[in-house]
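Q: One line per chain: the protein sequences are A and B, in this order.
For the first sequence, the residue numbers in this note's numbering are 1 to 170.
For the second sequence, the residue numbers in this note's numbering are 1 to 101.
Check before you lean on any hint, since a few could be wrong.
Partial list, computed: chain A residues near chain B (C-beta under 10 Å) [claimed, not checked]:
| no. | residue |
| --- | --- |
| 1 | L21 |
| 2 | T36 |
| 3 | T71 |
| 4 | S111 |
| 5 | K114 |
| 6 | I116 |
Don't read these hints as lab results, they were simulated from the structure.
We put the CB at the ideal spot given by N, CA and C, even for glycine.
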Amino acid sequence: MADAVFLALTVITIGSAIAALELRSLIYGSIALMGTLGGIAGFFFLLDAPFVALFQLAVYVGSIAVLILFTVMLVKRELIFKKIEDKRRKFAGIGLMLVVMVSLGAVFLDSGIKTITTDEPSVNFRDIGIDFVTYYWPALILMGLILAGSVTGALVLAKREDVENDQRTS
Amino acid sequence: MTSELVDFTLVSVALLGIGIYGLAVKRNFIRMLFAVEIIINAANLNLVAFGRFLPHSGGQTLALFSIAIAAAEVAVGLSLIIVAYRMYQNVDIADFRSLKG
Numbered sequence: 001m002a003d004a005v006f007l008a009l010t011v012i013t014i015g016s017a018i019a020a021l022e023l024r025s026l027i028y029g030s031i032a033l034m035g036t037l038g039g040i041a042g043f044f045f046l047l048d049a050p051f052v053a054l055f056q057l058a059v060y061v062g063s064i065a066v067l068i069l070f071t072v073m074l075v076k077r078e079l080i081f082k083k084i085e086d087k088r089r090k091f092a093g094i095g096l097m098l099v100v101m102v103s104l105g106a107v108f109l110d111s112g113i114k115t116i117t118t119d120e121p122s123v124n125f126r127d128i129g130i131d132f133v134t135y136y137w138p139a140l141i142l143m144g145l146i147l148a149g150s151v152t153g154a155l156v157l158a159k160r161e162d163v164e165n166d167q168r169t170s
Numbered sequence: 001m002t003s004e005l006v007d008f009t010l011v012s013v014a015l016l017g018i019g020i021y022g023l024a025v026k027r028n029f030i031r032m033l034f035a036v037e038i039i040i041n042a043a044n045l046n047l048v049a050f051g052r053f054l055p056h057s058g059g060q061t062l063a064l065f066s067i068a069i070a071a072a073e074v075a076v077g078l079s080l081i082i083v084a085y086r087m088y089q090n091v092d093i094a095d096f097r098s099l100k101g
């Protein structure tokens, strides 16, 4: 049963990853990217990590994908549907993709991780919370500062400086 | 659960390959950001899969950190796209050549 779910999730994730890069319209592309991110959240559920899965759904599907969708809407209409690439580069890219997939896949299939199985119970999410407030607390604080700094930086970057005399303020 | 560790690793390798293809071929800034997102998600899948099979809580903790940092990266990347689009009225990275020092 779990294998059927795994196969379905694999098809959804990889198929929508290809669609995200290859669909003509950027809007459909970003919706396909949502499919990839949701498929990864499904894999997290299969791996008995519901906390990370819900975090993934909330952060990626809920905020990042919507942010990307809004940015795409800010771009001119003809640019959304324009495909910029040349044929030779595309074949080279497909070759590179196949080389990466075949070589890394061969290494993984040949290595010892094929024999790794586990019957132990999964990690309780209480352990993750304890990890966060004991061993990883400096990293947690640093992450909060980085998030605040990057969001402020993004706001400053995207602020319009050419509008000196905004009519709405006067 | 019946799926093995190597299955999850192979899915992650496939996603990494697709992401590298996108970074190499596409010249649209927004599509390159999609490819980076796909690569980051492949890495997260590996972290959680190895954390499940060890089993150790470190994998999930690191995956949570990675998701949060990716959110910051996307915010900055999208604002850079908006700034570059305002300057050049285009999202083709070949047009951004004059940005280099």
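Q: Please go over all the hints and tell whether each is borne out by the structure.
A: Structure-based check of each hint:
1. L21: holds (4 Å)
2. T36: holds (6 Å)
3. T71: Hint on T71 (chain A): holds, closest Cβ of chain B at ~5 Å, below 10 Å.
4. S111: holds (9 Å)
5. K114: Status holds, d = 5 Å.
6. I116: Holds, because the Cβ-Cβ distance from I116 (chain A) to chain B comes to roughly 5 Å (cut-off 10 Å).
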